[in-house]
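*Asks:* Those sequence lines, one after another, are chains L and Z. In terms of our numbering, the first sequence has 123 at position 50, counting the first letter as 1, and numbering is strictly consecutive. In terms of our numbering, the second sequence has 196 at position 123, counting the first letter as 1, and numbering is strictly consecutive.
Fair warning: there could be bad hints in the mix.
No distinction is drawn between identical chains; accordingly, a pair holds when it is met within one copy or between any pair of copies.
[To be verified] Cross-link-like lysine to aspartate or glutamate pairs, in silico, EDC-like; alpha carbons within 20 Å at most:
| id | residue 1 | residue 2 |
| --- | --- | --- |
| 1 | LYS142 | GLU257 |
| 2 | LYS142 | ASP256 |
| 3 | LYS142 | ASP263 |
| 4 | LYS142 | ASP156 |
| 5 | LYS142 | ASP197 |
| 6 | LYS231 | GLU180 |
| 7 | LYS231 | ASP203 |
In case anyone wonders, no lab produced these hints; they're calculated from the structure.
Here is how the chains run, residue by residue.
2 protein chains.
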Amino acid sequence: MPSLVFWFDPASTYSYPAAMRLDAAAAAAGVETVWRPFLLGPIFREQGMATSPFNLFPARGRYMWRDLKRLCDDLAIPFVVPDAATIAGFPRNSLLAARAAIVALREPWGHDFVRAVYRAEFADWRDIADPGVIGELIAGAGGNAAAVLAAAGADATKAELRANTERAAALGLFGAPSFTIGDELFWGNDRLEQALAHARRVAA
Amino acid sequence: MPSLVFWFDPASTYSYPAAMRLDAAAAAAGVETVWRPFLLGPIFREQGMATSPFNLFPARGRYMWRDLKRLCDDLAIPFVVPDAATIAGFPRNSLLAARAAIVALREPWGHDFVRAVYRAEFADWRDIADPGVIGELIAGAGGNAAAVLAAAGADATKAELRANTERAAALGLFGAPSFTIGDELFWGNDRLEQALAHARRVAA
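Given only the sequences and the hints, what does the whole structure look like? Please build it.
*Replies:* Take a look at the structure:
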């Protein structure tokens, strides 16, 4: 069966619409997906960027909020353009959410949890670095909050997230969402359809 | 009639597919277009970037060539991935081509000239900073090379290009191609369809 890897950082804005529409798009295309959390921070730092390019280049940041709002409206995905004070806290620290996602994605409710994280972050502007918020989202998706939070803090989970990030860098990833089929890289929510088509071609 | 402004820098890679498909897409959508050359260099410098982000962030640059190749292949637009020596000269100095475009766009063969510049640059890897190359492309599009090159060097043309670039910065442009309808900004070849739809909605 054709397959692709979906690379996402819970703090990444454009990963939100990608996560929301991936399951339906992949099912329609007959493509299997592997959801793989990683962290953009170390990848940005390796390129000499101390924070998100949306902060370093304010014109690009201002455009991103408008573009994402149009995109989410077109897809009927709830999204609220943040006020200036909220933008000042962008991007959120996504370490805990990424570790929790690694654990959650072993369970049948893993995708639901990831989608809930993005919705909480960009529609409700809750702080995904807060264990209380993450615990609530785990429970809402159908998991045991205490057990998943404990597993999220385990050394093996931390190592898995580090390995994901190193693999992402080795594959040439520089942003999220990204999609890979073998070594072939597709960057951005806009490239999901092209990535699905490529996955089908490769498997044919 | 619905209308949009197409902002392009002759050195911009993703402006190539946009320029190649714009006339047909706009005609199909019933939208009038105004083609407006500007320079990205001053806008990048204002954001603290001494050169193209594709050079400053090599992973993004490497991806861009692969992505553009896939994109042009899908659109059946000739494109040749440059070798390392050619990439070292990227981006081309686009000052002369932008000034010549300002003059050419007053003529019925203006769009043909702009498309010829991009094709020469990214399919044939010729140097668009060379007046001999630009003169040849003017003549090929149906213009008088000597007259257009002279007008391209006139103070009024230089001032018009500077004014375009200042207006682009004021509108929040940070890359090319961009499309504007009033103050509404759409960035990237990927947003052409959305920009055309917006132009129609605004005019309705």
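*Asks:* Please go over all the hints and tell whether each is borne out by the structure.
*Replies:* Outcome of the hint check:
no., hint, verdict
1, LYS142 to GLU257, "between (29 Å within a copy, 13 Å between copies)"
2, LYS142 to ASP256, "between (32 Å within a copy, 16 Å between copies)"
3, LYS142 to ASP263, "both (14 Å within a copy, 16 Å between copies)"
4, LYS142 to ASP156, "within (13 Å within a copy, 39 Å between copies)"
5, LYS142 to ASP197, "within (14 Å within a copy, 39 Å between copies)"
6, LYS231 to GLU180, "within (18 Å within a copy, 62 Å between copies)"
7, LYS231 to ASP203, "within (17 Å within a copy, 55 Å between copies)"
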